[in-house]
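Given next are the chains, with one letter for each unit.
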Amino acid sequence: MAPPSGLGDKVFKWFTLAMALAVVALVFLVGWQLARGSSLAIRRFGFHFLATSTWDPVAEQFGALPFIYGTAISSLIALIISVPLSIATAVYLTELAPLWIRQPIVSLIEMLAAIPSVILGLWGIFVMIPWLRDHPFPFLKKIFGWTPFFSGPIYGVSMLAGGIIIAVMILPIITSVSREILRSVPNLQREAAYALGATRWEVTRIAVLSYAKKGLFGAVILGLGRALGETMAVTMVIGNTPQIRASLFAPGYTLASVIANEFTEATTDVYLQALFEIGLVLFGITILANLLAQLLLKTMGSTIKSGAVQ
Amino acid sequence: MKNSHFWRKTKSALASAASFVCALLVIAPLALVFLHLLRSGASAVNWSFFTELPKPVGVAGGGMVNAIAGSFELLGLAALVGVPVGVFGGVYLAEYGTVRGNWLLRFVADVLNGVPSIIWGVVVYGLVVLRFKSFSAYAGGLALGFIMIPLIMRTTEEVLLLVPAGYREASLALGISRWKTIVHIVMKTALKGIVTAILLALARVAGETAPLLFTAFGNRFWNHDLSEPIAALPLQIFSYAISPYDDWHRQAWAGALVLVVTIFFVNILVRFLTRERVARVL
Amino acid sequence: MESAAIIDPPMITPVSLPQQQVASGSEPADVAPERPPAFAVERLSIFYGEKKAIEDVTLTIPSKMITAIIGPSGCGKSTLLRSLNRMHELAPNTRIEGKVLFAGDDIYAPEVDPVVIRRRIGMVFQKSNPFPTMSIAENVLVGLKLNGVRDRAFLRERLEQSLRMAALWDEVKNDLHKPGISLSGGQQQRLCIARAIAVEPEVLLMDEPASALDPIATAKIEELIHELSANYTVVIVTHNMQQAGRCSDYTAFLYLGRLIEFASTTKIFTNPSERQTEDYITGRFG
Ligand SMILES: Nc1ncnc2c1ncn2[C@@H]1O[C@H](COP(=O)(O)OP(=O)(O)OP(=O)(O)O)[C@@H](O)[C@H]1O
Ligand SMILES: [Mg+2]
Chain Y
1 MAPPSGLGDK VFKWFTLAMA LAVVALVFLV GWQLARGSSL AIRRFGFHFL
51 ATSTWDPVAE QFGALPFIYG TAISSLIALI ISVPLSIATA VYLTELAPLW
101 IRQPIVSLIE MLAAIPSVIL GLWGIFVMIP WLRDHPFPFL KKIFGWTPFF
151 SGPIYGVSML AGGIIIAVMI LPIITSVSRE ILRSVPNLQR EAAYALGATR
201 WEVTRIAVLS YAKKGLFGAV ILGLGRALGE TMAVTMVIGN TPQIRASLFA
251 PGYTLASVIA NEFTEATTDV YLQALFEIGL VLFGITILAN LLAQLLLKTM
301 GSTIKSGAVQ
Chain X
1 MKNSHFWRKT KSALASAASF VCALLVIAPL ALVFLHLLRS GASAVNWSFF
51 TELPKPVGVA GGGMVNAIAG SFELLGLAAL VGVPVGVFGG VYLAEYGTVR
101 GNWLLRFVAD VLNGVPSIIW GVVVYGLVVL RFKSFSAYAG GLALGFIMIP
151 LIMRTTEEVL LLVPAGYREA SLALGISRWK TIVHIVMKTA LKGIVTAILL
201 ALARVAGETA PLLFTAFGNR FWNHDLSEPI AALPLQIFSY AISPYDDWHR
251 QAWAGALVLV VTIFFVNILV RFLTRERVAR VL
Chain U
1 MESAAIIDPP MITPVSLPQQ QVASGSEPAD VAPERPPAFA VERLSIFYGE
51 KKAIEDVTLT IPSKMITAII GPSGCGKSTL LRSLNRMHEL APNTRIEGKV
101 LFAGDDIYAP EVDPVVIRRR IGMVFQKSNP FPTMSIAENV LVGLKLNGVR
151 DRAFLRERLE QSLRMAALWD EVKNDLHKPG ISLSGGQQQR LCIARAIAVE
201 PEVLLMDEPA SALDPIATAK IEELIHELSA NYTVVIVTHN MQQAGRCSDY
251 TAFLYLGRLI EFASTTKIFT NPSERQTEDY ITGRFG
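Here the protein sequences come in this chain order: Y, X and U. When the letters of the first sequence are read in order and numbered with this note's numbering, they come out as residues 1 to 310. When the letters of the second sequence are read in order and numbered with this note's numbering, they come out as residues 1 to 282. When the letters of the third sequence are read in order and numbered with this note's numbering, they come out as residues 1 to 286.
Honestly, the hints are just simulated from the structure, not real lab data. Hints are not guaranteed to be accurate.
[Stated by the list, open to error] Quick list of in silico lysine to aspartate or glutamate cross-link-like pairs, EDC-like style, CA-CA up to 16 angstroms:
1) X:133 to Y:269
2) Y:298 to X:247
3) X:188 to U:138
4) X:9 to Y:202
5) X:11 to Y:269
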C-alpha cells in the first residue's frame, strides 16, 4: 500500500474506516440495549425465565418456554418443508434445467423474496388458513390422527400454519444461497465424473452434491436463522397462544411474535423488561445461527478456491 | 449391463423431473399471492385510496394517503442513516484495509444482516422512544436505516470491486490523490451500481413492518412533525388485516397491492438498469 | 499536500520546473551545462513479498531522450518502470532496496509524497483506459481539475495544447463532448497520452503503449513518442525489438530481474557487449 499522501487521504481513510466499523458497533449496540433493557428481569427471574411456561402479565409471572418451544417447532416445520424443495430447486437450476429456463425461474424466486412478510401474512390469514382448515388439515387428521401431532380440534391458525408460512419466507433465501454454492463447484469436478461415463444425475450426486455438502449445510443454517426471527407473517397465522401442545393443529406463539404483539401493551416495567429479555434470547440464537452459517459458507468458499488452484 | 445403463438413464430423467416439480412448488406461492393481490386489491385501489385519509371506524371509504406519504418520509430518514454509512463503509472494504481485517468486517456485516428486523425495533425503542418518551418518525427511520447499513455496505463493495484496477492506476499516475481517485473516478464509474444498491435496500425495507411497530407506531392522521408517531403503509396493512371490518380488509389488500407493485417495479427497474451481477449480491 | 503549484505556469515548460517541488532537504543536483540525468537508479532491488522481481539494478536515464527497456516476459520491465514513479507500490507488500534519484532527489525518501512524484512523472499503460464516464475533454482535463485548476480559459487552452501534442486534436476537435471510450483503440491510447501530458509532467513512462494496437496506430504512436522527446524524458517498455530500435535513443536489456546491458540503442542493436543481449536481440531466446 502506498503511504497516505496528504491530509485529505488520511481523513478520508479514517472516515470510511469509521463507517465500516459501524457494523461492529451495531452488534454491540444491539447486545447492550437488549441487556440493559432486560437487566431487572434477568435478575428477578434468573434462569427460570427460560425454563418455565407461565406467561401471566397480570400476576407478573414470566416464563419464555412456550415461545422458545413455538419458535423451535415452527422453524423446524419450516426447514422440513423448505430444505428439500430449495436444494432440489437449486440443483435443478444449476445442473439439470435447460439453459433458457434458468434465468426466468431465478427472477421469479427473487420476486418471491421481495414480497414483504406482512403481505404474506395477509394472504395467510385470508387465503391460506381457510384452505388449510378445510382441506389438508382434515385430511392429515384422518390419516395421522392417531399420533399426538395431528390430533385435537382444528382452528386453522396453528403451529403448522406458522411453520408453512415461514417455509414460504425462507424458500427463496435457501434456494439462492444453495444455487451460489453449487455454481461455485469447479467444473473440473463435473468433468471428471462425466469422463467416467456418469449420467447427469450421477454427476450431480457424486461430484457436485458431495463436494458442496458443507456449503449447502451453511445455506440451511442461514435459512434457519431467518426462520427463527421471522415475525409478521407468523404472528398473523400462528394463533398467538402461549402454550405447549404436541398437536401441530393447536395455536402457538413465537419469540418474535410475542414481542410484536405485546410490546406496546406492556404497561408495567417488569412486563417490558421480560419482553426485552425475549428479544435478547432471540438475538442470541439468531446470532449463533448466523455465525455458524457464515462460517460454513465462507470457509466453503476458501476450500473451493484452494481446490481450484491445485 | 444394458439393463443397468437403461436404469441409470431413467433415474437421471426422474431426478430432473422431480427437481423441476420442486422448482414449480417454490415459485407457486409467488403466483398464488400475486393473483390474490390482484383479485382482492385491484377493486379497492381507486382515486380516494391515494388521496384520502382513513375514515373513522364504521364509515366506509377513505384511503391511505397519509400512510403512503409516511412511508416515503420514513424511507427518506432511513436513507439519511443507511446510505452514508453503508456506501462509505463499502468503500473502505473495497479500497482500503487488510485482507484479514476486511474478512472480519465482511463477516460481521453478513451476520448483522441476519439479525431479525423486530430486534431493530426493540433496540431503537430503547435507544430513542424511551429516551424521548414518544414514538416518532425519527425512531422508525433510524430502525430502517440500521437495517439498510449492512445491505448497502456489501453491495457497494461488490460494485466497486467490479471497477477495473486500470482506472485507479491511470488516475493515481496523473498525480491525483487516492481519495480523489476513489471519489471522482472509482465511485463515479460505479455510480449506477451504487444507486442500484441503494434502491434495492430501500425496496427491501419499504415492506418492513416489525421494526416500525413500536418506533413509528402508525397514525390515522396526517403528521408533519417528525418527532410524532407517523403512519406507514406496511403498518396500516397490518392493522387493517387483523381488524374485524370487511371494508378495512379490502383496503389492506389494496395497500398490499400498491406496496408489492412498487417493490416489484423498483426491482425490475434496477435489474433492467444493471447487469444481473449486482442484483445477485443481495 | 494538494499543491497545485506544479500546474500553475500556463505554458508547457516541463523541464523548467523548479526542483524544490520534491519536498526534500537533500542537496540540489548540480546544474551542469550538459543536461543532468533524469533518473539515477542506484543498486535497486524490488520485492513483491518474498519474491525478488528486480535485483541490484544501477542505471542512469538521460533527460529529454527516449530510453527503452526490453527483455523477455516476466523479467521485471514493468516493475522497474513502475518503480520510477512509485506505481509498483499499489501492489500489496512491496519493498525496495537501493535508491531512485529523480532530478537528484531520492523519490523514496520518507518525507516524499508519492502523489507529488506522480504529478511530475506521468504514465501511459498498455491497455488504453480513458475514464468511461467522461467525455474526451473531461478525460484530458481531469488531472488538472481534480488538482484544483478552475480557470476556464486556461483549461480550454491546455485542452487544445495537450490534444495537439498527442496528435489527436484534428481528429476530435468537433467531438470533444463525446465519451472518451467512443474513440478507436489507437485514438484512445493517444487520448491517454494527452491526459498524461495535460498535467505537465517532466517524464512520461510508457508500458508497452502500442502492444494492443494495429500497425498503423502503432506507427502513429511511435511518431508521437519521437515528437514528445523534444520536451519530455520518455521511458518506454516494449516487447517489440524493432520498436525499441526504431524509436529509442538508449536501451536497457533486462533478464531475470537483472540489468544485463545498458547502452545507446545503436550499440545494443549493432554491437552488444554481452552475449545474452546478442542472443535476445537476434531472437535466439525470449
Ligand atoms: N503484483 C505482483 N505481485 C507479485 N509478483 C509480481 C507482481 N507483479 C509482478 N510480479 C512478478 O514480478 C516479476 C516481474 O514482473 P513484471 O510485470 O515486471 O514483468 P514484465 O517484464 O513487465 O513482464 P511482461 O513482459 O509479461 O509484462 C514477475 O515474475 C512477476 O510474476
Ligand atoms: Mg509488463
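With the threshold set at 16 angstroms, check whether the alpha-carbon distance from residue 9 of chain X to residue 202 of chain Y stays at or below it. Distance ~10 angstroms between residue 9 of chain X and residue 202 of chain Y Cα, so the pair holds.
Would the pair residue 188 of chain X and residue 138 of chain U pass a check requiring their Cα atoms to be no farther apart than 16 angstroms? holds, 13 angstroms
Is residue 133 of chain X within 16 angstroms of residue 269 of chain Y, Cα to Cα? Distance of about 14 angstroms is within 16 angstroms: holds.
With a cut-off of 16 angstroms on the C-alpha distance, tell me whether residue 298 of chain Y and residue 247 of chain X pass. violated, 50 angstroms
With the threshold set at 16 angstroms, check whether the alpha-carbon distance from residue 11 of chain X to residue 269 of chain Y stays at or below it. The hint is violated at about 62 angstroms.
Checked against the numbered hints above, the structure breaks hints 2, 5 and satisfies the rest.
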